[in-house]
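Participant: Going down the list, the protein sequences come from chains A and B. Residues 2 to 415 in my numbering are what the first sequence lists, from first letter to last. Residues 3 to 294 in my numbering are what the second sequence lists, from first letter to last.
Honestly, I wouldn't trust all of these hints.
Unchecked claim - Listing some non-contacts, in silico: residues in chain A with all C-beta distances to chain B over 12 Å:
| id | residue |
| --- | --- |
| 1 | PRO48 |
| 2 | GLY52 |
| 3 | SER54 |
| 4 | GLN74 |
| 5 | SER106 |
| 6 | GLU110 |
| 7 | ASP166 |
| 8 | PRO167 |
| 9 | ALA226 |
| 10 | LEU271 |
| 11 | LYS275 |
| 12 | LYS276 |
| 13 | PRO295 |
| 14 | THR338 |
| 15 | SER345 |
| 16 | GLN408 |
To be verified - Derived DEER-like restraints, expressed as beta-carbon distance ranges:
| id | chain 1 | residue 1 | chain 2 | residue 2 | range |
| --- | --- | --- | --- | --- | --- |
| 17 | B | LYS146 | A | LYS275 | 31 to 39 Å |
| 18 | B | VAL74 | A | ASN83 | 24 to 32 Å |
| 19 | B | LEU117 | A | ALA336 | 29 to 37 Å |
| 20 | B | LYS146 | A | THR78 | 53 to 61 Å |
| 21 | B | ARG100 | A | ALA396 | 34 to 42 Å |
| 22 | A | ASP348 | B | ARG46 | 39 to 47 Å |
| 23 | B | LEU115 | A | THR250 | 30 to 38 Å |
| 24 | B | VAL74 | A | LYS157 | 33 to 41 Å |
| 25 | A | ASP328 | B | LYS146 | 23 to 31 Å |
| 26 | A | THR250 | B | LEU117 | 13 to 21 Å |
| 27 | A | THR78 | B | VAL8 | 49 to 57 Å |
Calculated directly from the structure, the hints in this document are not laboratory data. Just so it is clear, the structure is predicted and the values come from calculations on it, not from any experiment. The beta carbon of each residue, even a glycine, is placed where N, CA and C say it ideally should be.
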Amino acid sequence: MKRSPITQRFAVALVAAGLTLSACSSSTGDAGGTTADGTFAVWDPYPQFDGGSQWAKVIENCGTQAGVKVERQAYDTSDLTNKVLLAAQQGVAPNVLVVDNPVVSTLAEAGVLKANQDTGLDASKASPNLVTAAESDGKTYGVPIGANTLALYYNKAVLTAAGVDPASIKDWASLDAALAKVAAAGKKGITFSAIGTEEGTFQFLPWFWGAGAQLTDLSSPQAVAAVELWKSWLDKGYAPNSVIGNTQTTSWQEFATGEYAFAENGTWQLGNAKKAGFEYGVIPIPSRTGGVAPAPTGGEFVTVPAQDDKDSEATAAKIANCLTSPDTVLATDTALTYVSAVASVQDQQVAAQPELQVWVDAVKSAKGRTGDNLGTRYPRISQPLWTAVQAALTASKAPADALKDAQAAAASAK
Amino acid sequence: MRKNLVGWAFLTPIVAYLLLSYAYPLVTTIDLSIRDYTVRSFVRGGAPLTGLTNYVTVFADPTFRTALLNTVLFTVVSLVFQYGIGLAMALFFSRSFRLSATLRALFLVPWLLPLIVSASTWAWMLNSEAGVVNAVLGAVGIDKVNWLTSPDWSLASVTIANIWIGIPFNLVVLYSGLQNIPTEVHEASALDGASSWQSFWNITFPLLRPVSTITLLLGLVYTLKVFDIIWIMTRGGPSGSSTTLATWSYELGFGNTLPRFGPSAAVGNVLILLALLAGLVYVRVQRNQEAS
Numbered sequence: 002m003k004r005s006p007i008t009q010r011f012a013v014a015l016v017a018a019g020l021t022l023s024a025c026s027s028s029t030g031d032a033g034g035t036t037a038d039g040t041f042a043v044w045d046p047y048p049q050f051d052g053g054s055q056w057a058k059v060i061e062n063c064g065t066q067a068g069v070k071v072e073r074q075a076y077d078t079s080d081l082t083n084k085v086l087l088a089a090q091q092g093v094a095p096n097v098l099v100v101d102n103p104v105v106s107t108l109a110e111a112g113v114l115k116a117n118q119d120t121g122l123d124a125s126k127a128s129p130n131l132v133t134a135a136e137s138d139g140k141t142y143g144v145p146i147g148a149n150t151l152a153l154y155y156n157k158a159v160l161t162a163a164g165v166d167p168a169s170i171k172d173w174a175s176l177d178a179a180l181a182k183v184a185a186a187g188k189k190g191i192t193f194s195a196i197g198t199e200e201g202t203f204q205f206l207p208w209f210w211g212a213g214a215q216l217t218d219l220s221s222p223q224a225v226a227a228v229e230l231w232k233s234w235l236d237k238g239y240a241p242n243s244v245i246g247n248t249q250t251t252s253w254q255e256f257a258t259g260e261y262a263f264a265e266n267g268t269w270q271l272g273n274a275k276k277a278g279f280e281y282g283v284i285p286i287p288s289r290t291g292g293v294a295p296a297p298t299g300g301e302f303v304t305v306p307a308q309d310d311k312d313s314e315a316t317a318a319k320i321a322n323c324l325t326s327p328d329t330v331l332a333t334d335t336a337l338t339y340v341s342a343v344a345s346v347q348d349q350q351v352a353a354q355p356e357l358q359v360w361v362d363a364v365k366s367a368k369g370r371t372g373d374n375l376g377t378r379y380p381r382i383s384q385p386l387w388t389a390v391q392a393a394l395t396a397s398k399a400p401a402d403a404l405k406d407a408q409a410a411a412a413s414a415k
Numbered sequence: 003m004r005k006n007l008v009g010w011a012f013l014t015p016i017v018a019y020l021l022l023s024y025a026y027p028l029v030t031t032i033d034l035s036i037r038d039y040t041v042r043s044f045v046r047g048g049a050p051l052t053g054l055t056n057y058v059t060v061f062a063d064p065t066f067r068t069a070l071l072n073t074v075l076f077t078v079v080s081l082v083f084q085y086g087i088g089l090a091m092a093l094f095f096s097r098s099f100r101l102s103a104t105l106r107a108l109f110l111v112p113w114l115l116p117l118i119v120s121a122s123t124w125a126w127m128l129n130s131e132a133g134v135v136n137a138v139l140g141a142v143g144i145d146k147v148n149w150l151t152s153p154d155w156s157l158a159s160v161t162i163a164n165i166w167i168g169i170p171f172n173l174v175v176l177y178s179g180l181q182n183i184p185t186e187v188h189e190a191s192a193l194d195g196a197s198s199w200q201s202f203w204n205i206t207f208p209l210l211r212p213v214s215t216i217t218l219l220l221g222l223v224y225t226l227k228v229f230d231i232i233w234i235m236t237r238g239g240p241s242g243s244s245t246t247l248a249t250w251s252y253e254l255g256f257g258n259t260l261p262r263f264g265p266s267a268a269v270g271n272v273l274i275l276l277a278l279l280a281g282l283v284y285v286r287v288q289r290n291q292e293a294s
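Between the sequences and the hints, there should be enough to build the whole structure, so can you do that?
Facilitator: Right, dumping it as structure tokens:
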């Protein structure tokens, strides 16, 4: 058989493609970890900040102070956990890793992260209620770079038209009464996110904890009360049915239509709230019997992944300390619209922007999801919980039955 | 001898390609599914061999029955409608009237759109509060349907979206199959006085059978592993009502901050087995066709 020149060329091209591929993979292998020329890799979940941003400059300065050159890589936050696990498996974990707080305990359990006690990373300036998210068996893995949490945004015009004074909302009963008035005035009551992912549990926790329930007992009467509260809002038409599929972004879009009185959403929507085109206000989420309900903390931790070279871990800790030090973190938290984890910086933030006071208060009473030494048990509790909330809201199970099943599933996962 | 060596040299790229992109991932998935991986052993290595424990866990999970049933329903209903509508349209376009080429090109749009775009558009159209579908239903006096947020409707909604996406593929393949049927056969049957229904049922359909089987088999493999549409539209919910094996496998492995690689890989392998079974059935059908 005679081969045409085309097939030959094609074969050569295939071989060449194969070689290029292998060349690529060996060069990306050096992306993480300390490279031969002493560059330090910093990974973060802030792709919204480009190379010219304040955050990129902060990283560069901190590297210079520690006497090394840093190379920053930004990933999408949902992508980062898997990227880090794979990099650690290949021995090319980054030197400094900024990662979402509930993931810290998973990475610590995997042995990817070094404890602060071993590297000289210092979390003493950060509020203890925020640091608990990274505590596991008496050790702490990382320092919070800032925090966000949930509160209730309200639409001033809708509340005024319905004759509701937001200051009167102190507990579930007064919130219910407010929602009834709004519904009577022909407007929509409240929107939130009850989607079947971690986001759904995140949004449910202020009501769950606000009822006095604990993550170690999903079927307690308090937990049932929290699910029944949400369900009653759907049944009475205070909340739209779409909350079952809402992410926090789509829930915000509903609120931004101006039809809704309340939206449960986070600190990160403040920028959008100013652009919404109507007057808004923020109140803390009330607990069942009065007072501010503990909301879950969001926000990232700066951590130091384990390396073969101990000296590089110490240098990485210096960079991480610099990134979270009160002098540098104010600019970062402002750019992220986060509340700082450091009390003195929180005061500076409130002095500059008085409307942040309610968020600072919310962060002060917030709780880490992986706290109470739950650590890697949390994901195994959170999943049955969001499933139960969805089952109750869609009326496929009664709230008490759904939560009983959830508790059984969470307990069987150890 | 030298000729053999040259032969092997030319085979190397394809063999390397097959090993790298087929054999290696397949072996890795099987390995993942028969070990007890925790996040620690995933990073540090040394996960103990546990045989079929992950499979037992998966089969015993109540989600397995729902996911399997949903996968079968989703696949069968999708295939029936995709094939039926695709065939009807192919017959329609094979008459080649004016503008038929342009119209046919327009029907390809669903296929050309990125899945994230079409799935997000469907999710937006079917939204229970602000969706255009409920607005239209409301205009003719029908109560709103919670397409994506009711356990009774979520699977139907994602199936409808998937049918819409799959029609162009069926249309294109069946259309080209129709072009290959010689016109003389139809002319002869017309001369013998066959009605158009008889002509379709006794001539077109049997002659189209080889093309139909391959279309259905390819459709089956595509549909079994559909993930994006369901994940974007419902995340497999509410509370698992639109979970299929594909979304469940993803959920176990990546849907949660604590990945469960073992069970996730086990579900993935069950899916591969299902597709393989379908392939074997196809080979057998084809052999019978050739024999007859």
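Participant: With reference to the structure, classify each hint as holding or not holding.
Facilitator: Hints, verified against the model:
no. : hint                             : in the structure
1   : PRO48                            : holds (17 Å)
2   : GLY52                            : holds (27 Å)
3   : SER54                            : holds (27 Å)
4   : GLN74                            : holds (19 Å)
5   : SER106                           : violated (8 Å)
6   : GLU110                           : violated (6 Å)
7   : ASP166                           : holds (27 Å)
8   : PRO167                           : holds (24 Å)
9   : ALA226                           : holds (20 Å)
10  : LEU271                           : holds (24 Å)
11  : LYS275                           : holds (23 Å)
12  : LYS276                           : holds (19 Å)
13  : PRO295                           : holds (20 Å)
14  : THR338                           : holds (23 Å)
15  : SER345                           : holds (31 Å)
16  : GLN408                           : holds (15 Å)
17  : B/LYS146 to A/LYS275: 31 to 39 Å : holds (33 Å)
18  : B/VAL74 to A/ASN83: 24 to 32 Å   : holds (30 Å)
19  : B/LEU117 to A/ALA336: 29 to 37 Å : holds (33 Å)
20  : B/LYS146 to A/THR78: 53 to 61 Å  : violated (34 Å)
21  : B/ARG100 to A/ALA396: 34 to 42 Å : violated (53 Å)
22  : A/ASP348 to B/ARG46: 39 to 47 Å  : holds (44 Å)
23  : B/LEU115 to A/THR250: 30 to 38 Å : violated (22 Å)
24  : B/VAL74 to A/LYS157: 33 to 41 Å  : violated (52 Å)
25  : A/ASP328 to B/LYS146: 23 to 31 Å : violated (55 Å)
26  : A/THR250 to B/LEU117: 13 to 21 Å : holds (19 Å)
27  : A/THR78 to B/VAL8: 49 to 57 Å    : holds (52 Å)
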